[in-house]
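Enquirer: Each chain, written out:
Number of protein chains: 2
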Amino acid sequence: MRLSRFFLPVLKETPAEAQIVSHRLMLRAGMMRQEAAGIYAWLPLGLRVLKNIEKIVREEMDRAGGVELLMPTLQLADLWRESGRYDDYGAEMLRITDRHEREMLYGPTNEEMITEIFRASVRSYKDLPKNLYHIQWKFRDEQRPRFGVMRGREFLMKDAYSFDVDEAAGKATYNRMFTAYLRIYGRMGLKAIPMRAETGPIGGDLSHEFIVLADTGESAVFCDKAVLELPIPPADIDYDADLTPIIEQWTAPYAATEDVHDAARFESETPPDRRITTRGIEVGQVFFFGDKYSKPMRAVVTGADGVERPAQMGSYGVGVSRLVGAIIEASHDEAGIIWPDEVAPFGVGVVNLRPSDVDVNAACDQAYNALTAAGKSPLMDDSDERPGAKFAVMDLIGLPWQLVIGPKGLKDGVVELKRRATGERQTLPLADALKALGA
Amino acid sequence: MRLSRFFLPVLKETPAEAQIVSHRLMLRAGMMRQEAAGIYAWLPLGLRVLKNIEKIVREEMDRAGGVELLMPTLQLADLWRESGRYDDYGAEMLRITDRHEREMLYGPTNEEMITEIFRASVRSYKDLPKNLYHIQWKFRDEQRPRFGVMRGREFLMKDAYSFDVDEAAGKATYNRMFTAYLRIYGRMGLKAIPMRAETGPIGGDLSHEFIVLADTGESAVFCDKAVLELPIPPADIDYDADLTPIIEQWTAPYAATEDVHDAARFESETPPDRRITTRGIEVGQVFFFGDKYSKPMRAVVTGADGVERPAQMGSYGVGVSRLVGAIIEASHDEAGIIWPDEVAPFGVGVVNLRPSDVDVNAACDQAYNALTAAGKSPLMDDSDERPGAKFAVMDLIGLPWQLVIGPKGLKDGVVELKRRATGERQTLPLADALKALGA
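Protein sequence lines correspond, in order, to chains A and B. For the first sequence, our numbering begins at 12 and goes up steadily by one. For the second sequence, our numbering begins at 12 and goes up steadily by one.
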């Protein structure tokens, strides 16, 4: 993509309303724009990151046995009356009345609807297990939306729902999702720590939150340093095998948010030099809640013994739009964002230091075409801005690599290659730089 | 994908409420489920088609110079008061009040919001042209939703918005979008005919609808047969060239919907043997409306002469979810759907006629793995249903190819390969069948 064709409205000033760094950087880098309190338009740079996160989530869900569908944003109030949650949900539920005075709502989650879809067609244990997920916009009418996409009102979420024949099978599915989540966050360059959690309005008694450590996190967390060094399960993990060892490995070191923290246990289980006390951002949560929805809503299957029983259910959320902010909270410096490779909006920034120079343009075009052909997704700054401004924008938007091409270097047959994360620079011939970038 | 893991709730009965064939077939094939009047959940089979359509639209928009962003579903009422459309829009606009009593709405289109985004950052003619698009769910509170996704309330649409420095540049962008639309529909296997159209609530005086011929279409259409034989512009078309010849070629033969039909002109311009009178489905519309939004909303740019002028705008819609229905209306038979290759939810159906037979299973697994490795996206029916039921489901869901593997054929070293569109069957060795399928 050439910057002249792209739409990248970076801001020179730091917006006064942004209290945390991800919010500030997303606004400054032209990733998004607020359209109403807690409601954002995703500008092209931000959307590219959002799509990369979506892609990782989708690939890992599919690998773990998930099947994707897509439920609508609006739902009937009556569906929520069946489960008894319509009145429970309070003011955070956006209630809507249509032209025929039907009561509807903008879905904050989809347990009821998926249960309705399931019960309409599944009858037998032979059709199980099923693990259905979607990636859809949801709405939560926060009293005081803030922190940008970290606590927005309209937000993108992946939510999966599993149906199993009995509790043992349901818990095996829970373990599969737990394992898939380790891979999802690992691929995004995040250390996300599973922590035993309360279940809140979703229900059930087994739940883990996945927490990314960051000073700006919404809750205090306490954990054993050992959990930060555990290996992410590999891509070829066998999801049909017993995954209990992985779950045990990841839940053995102490890790808890303030809601469930037990100071005495923390101190007895964790040596002082391994105790971490910091703050954390929740980027996902998994629940096993058995028949909480399937029983009142009569989503039953006939077992091998001919007896009908409610399906055993779990649900599994990933905060897709929130992750964009969480990754920035975990990966930035004074100059701007530092994108992990797999979520970066572009792979390489090509900086043309003098677009008025024929040779510089030719070298830039050569680099741009080679990088494009190699699938490295370059963004080429072909604007008339002065070099200092171009460098500042590149650091701000945080692409993993910067390839800087100017008249002085070209005279000596060299360009500059900079790694954003470390600031390391190499001066080398263009062909070598392209080779280093895999093009 | 193995059917045992997939979620494909086909219906045996034809639902009574479905009046047109695409609605009936989408329900019967387990592609979607109604969740409220005009609001559907996209089940896995339907979602795969929707995603394929989205992918074609995205690729062709990018090729033609579009840049993708994503605006939210909810908008502030005040934004629509700026353009003067808030009161105009009537009961079809779903109006919403949030917990703080702010007036909002579920966006039916986005001219106002994109103009607001544009004016916040673009100042100079040097930043033009810009062509920004998104693919997002929209809502139109239809008085009487019907015909399934053809006239739903919550629907997926691609809408693009262009900003140019003057009318000539704006019309060149209009021509680019017109040309891209020919490619979009052509790739989906559709003959979509551009017809001069009224502009309605969007405004302006230059507009074309793209119409697919189908007996069940919502409006009568009249056209010259010649338009059905025109060539689709090639993938390597130069969008920077003057596209007027393509536009002239496609608008020369008579083509009009009943709204603007001129019977006298039709008869004088079109020889009797080339006159087609039928019905059509609108699958997209393009508009050039100049400063209708940029003027009242003050989206101005400074020209080369230093004078500020409102940007010249156009908008360009493709009915993404509606297209799923439109393609079925145009491509089906008594037995079910016939998907054009590029939008098919799976490339090949592998029918295992006897899952209890070790050799049949081995041959099916071999075929499935080879097709998967070759990127042919197979769906393997590994269920216990009887052969007749399996054939009926395969015909119903309309995958382009069926590869049928059973014990009798295998004994003779052969399998059966069926082309869904023609019904043509070949009996041949498995290796040859896989070769024919490109695996």
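FYI, nobody ran anything at the bench for these hints, they're computed from the structure. It is possible that some hints are incorrect.
Identical copies go unnamed one by one, so any copy, or any two together, can satisfy a pair.
Unchecked claim - Keeping only pairs whose Cα atoms sit at most 27 Å apart, straight-line, the calculated DSS-like set for lysine-lysine is:
1) Lys182 with Lys422
2) Lys306 with Lys446
3) Lys236 with Lys419
4) Lys401 with Lys236
5) Lys137 with Lys23
6) Lys23 with Lys202
7) Lys422 with Lys306
8) Lys419 with Lys182
9) Lys387 with Lys306
10) Lys66 with Lys401
11) Lys387 with Lys66
12) Lys23 with Lys141
13) Lys62 with Lys149
14) Lys141 with Lys387
15) Lys446 with Lys387
16) Lys401 with Lys141
Enquirer: Now tell me if each hint is right for this structure.
Expert: Going down the list of hints, with the structure as the test:
| no. | hint | verdict |
| --- | --- | --- |
| 1 | Lys182 with Lys422 | neither (65 Å within a copy, 43 Å between copies) |
| 2 | Lys306 with Lys446 | neither (60 Å within a copy, 50 Å between copies) |
| 3 | Lys236 with Lys419 | neither (48 Å within a copy, 62 Å between copies) |
| 4 | Lys401 with Lys236 | neither (40 Å within a copy, 55 Å between copies) |
| 5 | Lys137 with Lys23 | between (60 Å within a copy, 19 Å between copies) |
| 6 | Lys23 with Lys202 | neither (32 Å within a copy, 49 Å between copies) |
| 7 | Lys422 with Lys306 | neither (75 Å within a copy, 49 Å between copies) |
| 8 | Lys419 with Lys182 | neither (63 Å within a copy, 42 Å between copies) |
| 9 | Lys387 with Lys306 | neither (50 Å within a copy, 41 Å between copies) |
| 10 | Lys66 with Lys401 | neither (30 Å within a copy, 33 Å between copies) |
| 11 | Lys387 with Lys66 | both (16 Å within a copy, 20 Å between copies) |
| 12 | Lys23 with Lys141 | between (50 Å within a copy, 21 Å between copies) |
| 13 | Lys62 with Lys149 | both (17 Å within a copy, 20 Å between copies) |
| 14 | Lys141 with Lys387 | between (37 Å within a copy, 24 Å between copies) |
| 15 | Lys446 with Lys387 | within (12 Å within a copy, 32 Å between copies) |
| 16 | Lys401 with Lys141 | between (50 Å within a copy, 21 Å between copies) |
Hint violations for this structure: numbers 1, 2, 3, 4, 6, 7, 8, 9, 10, all remaining hints satisfied.
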